[in-house]
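Novice: Given next are the chains, with one letter for each unit.
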Amino acid sequence: MAKPTILLVDDSVLMRTIIGDIVRSDEDLDLVGAAENGKVALEMVKSLKPDIVLLDIEMPEMSGLEVMEHLSLTSRAKVIIISSVAQVGSPEANEARALGAVEIIAKPSGTMSLDLAHKKGHDIVVAIRRAAGLPVRS
Amino acid sequence: MSELIETLWRQFGVEAGEHFDAIEKLLSASSGEDGSGEDGGAERVAALFRSFHSLKGAARAMDLFAMEAVAHRAETILGRVRGGALALTGAVGDPLLEALDALRGLADLAVRERRDGKADPDLLARLDALGGASEAVAAVKAALPPVKPPTRLHDNEKLLTLFVGLLHDGMATLTRALDLAALDADGFRSVDDTAERLEIACERLNFLPFADVFRRFRAGLAARDPDAILRELQAVTLASARVGRLSGRDAGSAILATLLADHNAQALARGTARALELMADPAAAGEELAGLLDRLAATLDILALPRAAALLRVIADVTRRAAPLGHEDWPGLLNDGRAMVAGLAHQATLDPPEDLDAAAAAALEGRLRRFVDAASAAAEARRPFTVEELTAFGLDAGLLRFLSPDSAADLRAAVADPTVTLYEVTAFLETSAEVASGFVSWLGGKVRAITNWPEFIDGKTWLRVLVASAQGLDPLRDALSAIDPSGQFLHIRRCAPSAEDEPDEASTPDMAGEGDAPLVAESAPTMAHPVPARTTAAPSPATQPPDIPPALPPSAPASPRALTAPGGGVLRVPGEVVDRFMARIDGMVLLSGELNGVANDLRLEQALAALTERLGAGDPELRAVQEAVEHHRRALLDLDAQLSRSVDRLRESALDLRVVPIDTLFNQFPRVVRELARVQGKTVRFTLDGGDVRIDKSMVETLYDPLMHMVRNAIDHGVESPAEREAAGKPAQATLSLRAVQRNSRVVVEIADDGRGISTEAVRAKAVRNGLIGEEDSQRLSPESVRDFIFASGFSTADSVTETSGRGVGMDVVRNAITRLGGSVATRTREGAGTAFAIDLPLSAAILRTLLLQVGDQVLAIPDRFVEEVCGFTADAFHVVSGRWTVLRRNRVLPVVRLADALGFPASGDWPPVGEGQRLIVVLRQGDRRIGLEIDKLLRRGDLFVRESHPGLAEVPGVGGVSLLNDGRIVIILDGDELYRLAAAAQRRAAEGMAGTPQPLVS
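Keeping their order, the protein sequence lines are chains A and B. With the UniProt record's numbering applied, the first sequence covers 1 to 138. With the UniProt record's numbering applied, the second sequence covers 1 to 1003.
With the rest of the complex left out, here is chain A:
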């Protein structure tokens, strides 16, 4: 089976590096691209047709929720929201759920102490694997 392809959308280079590193720590996943804003993300979704989109909410140009609105019409990709804005019960989280987000998780923290073993069990990896129908390591 082909590895699930993943597009990462976040306006912060730092976050793209950190989250990208976490995703890449799982050899079952294929990170196919990273976009720095919503507009680029929509273009990349169109050309790369990822299985899963990791989406930040607070972004310039076009917010993550706007991106979702478009994606809910134009892409079969499953969307995982990675944002500290979208806490449980927040309006953003509700909106994201209404637009079909499969999972909402917080941004990674404490990166400096993350080793490879931690990364493999990271929330992000778990969420992606679940969305992709891959077995989740305990």
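Warning: the hint list may mix true and false statements.
[Stated by the list, open to error] Below, in silico cross-link-like pairs of lysine to aspartate or glutamate (DMTMM-like), each with a Cα-Cα straight-line distance of 25 Å or less:
#: 1; chain 1: B; residue 1: Lys-158; chain 2: B; residue 2: Glu-196
#: 2; chain 1: A; residue 1: Lys-46; chain 2: B; residue 2: Glu-157
#: 3; chain 1: A; residue 1: Lys-3; chain 2: B; residue 2: Glu-157
#: 4; chain 1: A; residue 1: Lys-49; chain 2: B; residue 2: Glu-621
#: 5; chain 1: A; residue 1: Lys-39; chain 2: B; residue 2: Asp-619
#: 6; chain 1: A; residue 1: Lys-46; chain 2: B; residue 2: Glu-203
#: 7; chain 1: A; residue 1: Lys-46; chain 2: B; residue 2: Asp-619
#: 8; chain 1: A; residue 1: Lys-49; chain 2: B; residue 2: Glu-203
#: 9; chain 1: B; residue 1: Lys-158; chain 2: A; residue 2: Glu-66
#: 10; chain 1: A; residue 1: Lys-3; chain 2: B; residue 2: Glu-630
Don't read these hints as lab results, they were simulated from the structure.
Could you slot chain B onto chain A? The hints should help.
Specialist: Coordinates of chain B only, in the frame set by chain A:
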């Protein structure tokens, strides 16, 4: 890894700087005016919010909590501004500028020193005052979500217009499917045609999920499944609302919602009934409930009941997260949610439908949010520990199995609490009921038991308990002594990371013997196998009681297989285990070498360079991908370098495992000396010296026989009887000494006696008598050369055969054994005064630096000192000179031969070489002579442990010993001298063969 961290810090610095500049600009732009009213103001606020928000996220990612705290407060304030609760006046802008300055300082510190700073509490308080209670902010945000015109769909405007019209006009037709009974064949076709046209249009517009909706609708229609039809029509409603919003046209969503109103209300009634069932049992409220609530929320969206939809989504979200936690507050919350859901079905049927009470819904949402925060904090604490974490706390990795989520949470709490310390208590509770009950009540008192586990030590099951206590070690030890005055059944040790507590322990030497040390000594045999990591938990040297000999327990007096760990605990490990371990490490070294090859593969670098050049300033997406690859490659290189270093260190430490104090050998002799002397009526004072010199453990085994022979010889032949000694004016008691001295990488073992010495004349006469040398020749030899005859085969100077001599082991065997270890024997003697033999040995004769190579399938090793170099030659470099195959190396003719031919192995491939590619030649040296050996494959250099080779294998010419690779394959270690002889012989044979057959054409 560290390169990644470096990258992150760099990115953090740059990104934070960008946000600081942006914030500064935005704040100064708005400071002169009241920017809250106009459009530009709103955008500015949004940008400010985003920048502070991003700073908060970046700080959090880098563990900069002070910075996160400041940025969070600024973000909260801007959230209020954005929500309209606060105006961006100077009273708000100035504190924000202060926050900016504070953030700048903290970020500078972090980038410079890689550490968190401190936030000014006054500033935090001022920012808090502006931000208000977080709950109020959330309410404001919930009430006033940011409204922004949508980014329009811009693709294929014409088709989109057509599609919207088609969708709008098709709604009525689609809803005919709801009344399946009234739908005749024509009607059916009409509905399906409409859906099909919409599906195709969706495909053309790339509205893929919408196309899926129509496809599923048609499938439901074909199957005459009313539930599926309704479900997909609801999906059409929502999707067309989105199309309408994004296209700015009426896509018919409202019409469809109206047409579906009754059905939606019925669906809501059915759904809420099921939800109420599920919510009645908190244990059952899982994924099914969450999914159902999400679907109900979608129905409520269509019914335009936003508060109810929002509440159901929150409950669904919490259900997904909180249900598995089994938190005690959950049933109550779920029950309150149930009460809200119960009225919904009815409220939806009212005209107009009635949404939930705003205050009640907000209150429950708030409780649910706080519940999730609390529950996830608890879950975090209950997260399983990693081996590294445990080791860092000074705990045994084996403990992992005994840490339940609850005890993990307890352990985390204990570790986080600076007032308590962790201790490990080992208890044997099956002998004394008083000790057992006293111990149990002690556990319930001043200490907090975190977990316990059984441990099988010395045939008995002990209980180990991990406890946390605010008391120090001494009071705890006193308390345990009061319960168990004998000190036999209860032991306690402090769990401390590595060496941290050593000084503390060392300052209380009087505890020796009543602490845990005896226990560790007893448990040593059980420690070796199941949990090797246990050695890290061994007590510090200071806890080793003085009454236990540091080297070996008395019950194991003569084992050469004991290893003294630096911690003072003694591990006894079978030699094969160490050998296997070393072989595996060798295998790891090999893999690490291969990884190094892959990581440093020039082709990758070249490919990346070519890619970079091609890309130039082109496609940013591709460049991002290329950067990711480049980043990954650097991380790989970095990891590779770290791994090599780590493997090297591992190897060095592992080598220590093979090294034991020579005492383990020496200690075997006193008894022998006493016994021999007694039998022969001699009195001998035996002294040992330098027993702490460490030698390879295999040498202990190999040296035992030669040393034993020399000790016997000294007593049999060297030491005189007491009467004889007194007559010679010497003390009646003879002295025999055995000592070891380390000189750099060599060790000298000396056996000296003060006996009669070796009579040169007696040796000469005996050598002549035994026919080892002619009488005349013997007269011409120097005394040293004469004395050398004692090492000749079968020589003995004793005239009578004593009980101890004549065992078939002569000094010739002694010398051979020592030579095999890479050593030599020197003799120093004076007639009447005594004899000393000095055995000079490498510290680890068993470790041989070799070149590993392959011929056919066989891995071979040539000792490094015999290899001058390895070179590659193309086939056309091979020439026949004087009937022998040669190559020209550094302007000199080097004879070459196939290694397989030299060893008599079946050879494959062409000889002489033909075709493309390089042939590998190992240049073997022996003195001034060189010969080239053609090999199939060069593996690597490697340190091998020479094992005693199998007797059968030892007969094979050229074989010096064997060793093992990690995969169990045997490596044959070639003997350099013998190999040279064989290679030269093979060449002669080849030359003779060549002379008899037509010479190949040589240019």
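Novice: Against each hint, give a clear statement of whether it holds in the structure.
Specialist: The hints, checked one at a time:
1. B:Lys-158 to B:Glu-196: holds, 20 Å
2. A:Lys-46 to B:Glu-157: Satisfied, since the Cα-Cα distance of roughly 17 Å is no more than 25 Å.
3. A:Lys-3 to B:Glu-157: With Cα atoms ~35 Å apart, Lys-3 of chain A and Glu-157 of chain B exceed 25 Å; violated.
4. A:Lys-49 to B:Glu-621: The hint holds at about 14 Å.
5. A:Lys-39 to B:Asp-619: Satisfied, since the Cα-Cα distance of roughly 15 Å is no more than 25 Å.
6. A:Lys-46 to B:Glu-203: holds, 13 Å
7. A:Lys-46 to B:Asp-619: holds, 16 Å
8. A:Lys-49 to B:Glu-203: At roughly 15 Å apart (the allowed maximum being 25 Å), Glu-203 of chain B and Lys-49 of chain A satisfy the hint.
9. B:Lys-158 to A:Glu-66: holds, 23 Å
10. A:Lys-3 to B:Glu-630: Roughly 21 Å separates the two Cα atoms, so the pair holds.
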